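**Student:** Sequence:
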Amino acid sequence: MCAGCPGGRAVSKVTAYINLHGMKPAVLAELRRSVGRRARITVLGDQWVLGSRTGAQTVFPDVETLTDALVDQRLADRRALPVDEDAGLERILEAGTHHSAPPMDAERLVRALLLGAGTV
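Sequential numbering of the sequence shown, starting at 1, is according to the working numbering.
Worth flagging that the hints you see were computed from the coordinates, not collected in a lab.
Please read all numbers here as calculations on a predicted model, not as lab measurements.
A hint or two may mislead.
Stated by the list, open to error - Mimicking EDC-like on lysine to aspartate or glutamate, the simulated pairs with C-alpha atoms at most 16 Å apart in a straight line are:
(1) K24 with D62
(2) K24 with E64
(3) K24 with D72
(4) K13 with D72
Put together the whole structure using the sequences plus the hints.
**Tutor:** What follows is the structure, encoded as C-alpha cells:
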C-alpha cells in the first residue's frame, strides 16, 4: 500500500521493493538505457510513463506492466541481455527482504524484469 497519501492504492511487490531501497532513479536510468532513443520513459509517483517518438504517452500502474510493454513493442530486446540463473524476479525480491542481504542493483533488477516480461 502506498503510504504517501490517505487511502493510497496498493502497489506491486516490485514497486514496494524499489521504493523501500530508494532505487527509483537508478531503475529509471537503466530502463532508459535499455530503450535508448526508441522511446522516452518517465516516472510519476509509482506510475511509469512510456512516451513514443510520435508524442503518444501511455501510463502504466507499475514497472512490471511497463517492462511487459517494452518487450511486447520490441523497444527492449531480451535476447541482448546476459542470462543470469539467479536473475529470477522472485529470487531477487526474496533475497532483498532479508536484513543481511544488500539491495539488488538496478541493472540486475531491470534485467530480471525484462527477462520475466510476459511470462506471468
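**Student:** Taking the hints in turn, state whether each one holds.
**Tutor:** Status of each hint after checking the structure:
| no. | hint | in the structure |
| --- | --- | --- |
| 1 | K24 with D62 | 12 Å, holds |
| 2 | K24 with E64 | 13 Å, holds |
| 3 | K24 with D72 | 23 Å, violated |
| 4 | K13 with D72 | 22 Å, violated |
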